[in-house]
Amino acid sequence: MYEGVVQDLIDELGRLPGVGPKSAQRIAFHILQADPVDVRRLAEVLIVVKDKVKFCSVCGNVAEDELCRICRDQRRDPAVICVVEESKDVVAIERTREFRGRYHVLGGAISPIEGVGPDDLRIRELMTRLADGVVTEVILATDPNLEGEATATYLTRLLRPMGLRVTRLASGLPVGGDLEYADEVTLGRAFEGRRSVDD
Amino acid sequence: MHVTHLSLHDFRSYADTEVALGPGVTSFIGRNGQGKTNVVEAIDYIARLSSHRVSSDAPLVRFGAEQAVVRAAVVRDERTALLEIEINPGRSNRARINKSPLPKSREMLGMVRTVLFSPEDLALVKGDPSERRRFLDDLLVLRAPRYAGVRSDYDRVLRQRNSLLKTAGAARRSGSGGSRAEAALSTLGVWDTHLARTGAELLAARLALVEELKPLVGKAYEAVARGATRSDATMAYRPSFELPEPTEGPLPDRAVLAEALMAEVERRRSDELDRGVSLVGPHRDELHLMLGPLPVKGYASHGESWSFALALRLASYDLLRAGGDDPILILDDVFAELDTERRERLAEMVADAEQVLVTAAVPADVPAALAGARVLVADGQVTRAD
Chain A
1 MYEGVVQDLI DELGRLPGVG PKSAQRIAFH ILQADPVDVR RLAEVLIVVK DKVKFCSVCG
61 NVAEDELCRI CRDQRRDPAV ICVVEESKDV VAIERTREFR GRYHVLGGAI SPIEGVGPDD
121 LRIRELMTRL ADGVVTEVIL ATDPNLEGEA TATYLTRLLR PMGLRVTRLA SGLPVGGDLE
181 YADEVTLGRA FEGRRSVDD
Chain B
1 MHVTHLSLHD FRSYADTEVA LGPGVTSFIG RNGQGKTNVV EAIDYIARLS SHRVSSDAPL
61 VRFGAEQAVV RAAVVRDERT ALLEIEINPG RSNRARINKS PLPKSREMLG MVRTVLFSPE
121 DLALVKGDPS ERRRFLDDLL VLRAPRYAGV RSDYDRVLRQ RNSLLKTAGA ARRSGSGGSR
181 AEAALSTLGV WDTHLARTGA ELLAARLALV EELKPLVGKA YEAVARGATR SDATMAYRPS
241 FELPEPTEGP LPDRAVLAEA LMAEVERRRS DELDRGVSLV GPHRDELHLM LGPLPVKGYA
301 SHGESWSFAL ALRLASYDLL RAGGDDPILI LDDVFAELDT ERRERLAEMV ADAEQVLVTA
361 AVPADVPAAL AGARVLVADG QVTRAD
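Going down the list, the protein sequences come from chains A and B.
Counting with full-length UniProt numbering, you get residues 1 to 199 for the letters of the first sequence.
Counting with full-length UniProt numbering, you get residues 1 to 386 for the letters of the second sequence.
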């Protein structure tokens, strides 16, 4: 245990995801030794980010205004919506530059253990967006784990009766990898989802 | 396969210990509490990534240390592989093969296969149904490591589903209903689907495994117990619901099982909501063990129960052996529990295995057929006697 404010800092840092007690201590001492200007800048960004950043009123992505950059962009295809769990998934898909439609950020996945049900996710907002009939396809891009799959199953049941095209991202082998290094679950999934080769 | 070298670092009572091993029989001899079992437990841990003695990893780490490391050089298919596992209680373990790290320690499953006999095996026969389910599942994973994933997926579906049943049931009982209870009910269908899918996969695998084991258990029991015939020891898998008739072949396939499981889940809905737990699925199944017309549990003598437990292990050994490389056979303190005649019979049956590791407190307990290399264990020191 350190004295007073140093221990407070370590405790606060230790609450961040992925930071254990040892890392918290290392970061705290780095801050103590750092240039006061740098530390002030970090502190200001922390406060500004909380004040300024909002969530897009349409898709739920992080935004600095009412709408996020993607929802403002008129060139994006309004007929296709890609449903993801978190804002960071939007960034990941944007990096591919493959997808030109719009997004919908749920804010998590269904997980009864953590007390997260459909009402805690932005599913009602999604249904409202679909009401005007502009959207023709919904791509379910939730994580390929148990909770993500459950969320996708739930949404599929909700969306299919509406006559939309509902698709799910394929799961399978990583590109550029070796077959021999794939774990059995991934390989098994890839087998289940195999497709015929069209020429 | 066999282990040629084992090194233990902060594992159980060992701070730093190297043990050289060879093919054939090796006996670890030492008084009680000197650390014999710890050595064989380490080898079994490399194979199964869990211990037969404890359910959590914390006791495996030497008192006061933060992590334990087990390294084993294993010869399989005439090649040597260096396997290494770092046990970090409360955090994820790390595994390396030939010094290169694996993304998940679970991928090491299947590199080494062991069959371990220990005094705890009596629980297979006399204990709760969960012991027998674990016996089947462990064996499934040893044969096809993919089932480690199926098993953990199923456990997770169950935990999620039970948690949902609890909230939905509580809301229904209080009569308040409300949007939370409705939302919970609307997602229950989703978890039903996942329960049926993973449950059917596990169930299909267990049913097939039991069919393969049956004749082997009968044969092994005949060999171990005096005066028994091979039709004496039998077993039957009893699922938590009525199995559908197979469409073709002796066993119903996965799709049929999933459908039946789903129908049963829907039928028991009200019950499940009342009690707040999942009542249908492979986690409620039982493996019945019978001697003649009577169940072993409650009717068999102590000696018969022991023979049955041995027969289950011997049958696993036969099954794994038929599927390729010889598993490593570990006999942990079992001879002290057996009379001379059964000792001799067991020794005869396993003497030709590629590698047999025996622990015993009294050297005289180890039958002559298993005279091999001797290793003395005293005060946490391991020394070869020859």
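Among these hints, one or two may not hold up.
Cut-off 30 Å, straight-line C-alpha distance, at most; resulting in silico cross-link-like pairs (DSS-like, lysine-lysine) [unchecked claim]: (1) Lys22/A to Lys104/B; (2) Lys297/B to Lys22/A; (3) Lys88/A to Lys50/A; (4) Lys104/B to Lys88/A; (5) Lys99/B to Lys219/B; (6) Lys54/A to Lys88/A; (7) Lys50/A to Lys22/A; (8) Lys297/B to Lys219/B; (9) Lys297/B to Lys126/B.
Partial list, derived from the structure: chain B residues whose beta carbon lies under 7 Å from chain A [claimed, not checked]: (10) Ser92; (11) Gln160; (12) Leu164; (13) Val190; (14) Arg254.
Read the hints as simulated data drawn from the structure, not as lab findings.
Predicted, not measured: the structure shown is a model, and the values here were computed from it.
Glycine included, each C-beta is placed from N, C-alpha and C at the ideal position.
Hints, one by one, checked against the model:
no. : hint                 : verdict
1   : Lys22/A to Lys104/B  : holds, 23 Å
2   : Lys297/B to Lys22/A  : violated, 51 Å
3   : Lys88/A to Lys50/A   : holds, 17 Å
4   : Lys104/B to Lys88/A  : holds, 24 Å
5   : Lys99/B to Lys219/B  : violated, 42 Å
6   : Lys54/A to Lys88/A   : holds, 15 Å
7   : Lys50/A to Lys22/A   : holds, 27 Å
8   : Lys297/B to Lys219/B : holds, 20 Å
9   : Lys297/B to Lys126/B : holds, 5 Å
10  : Ser92                : violated, 13 Å
11  : Gln160               : holds, 5 Å
12  : Leu164               : holds, 4 Å
13  : Val190               : holds, 5 Å
14  : Arg254               : violated, 12 Å
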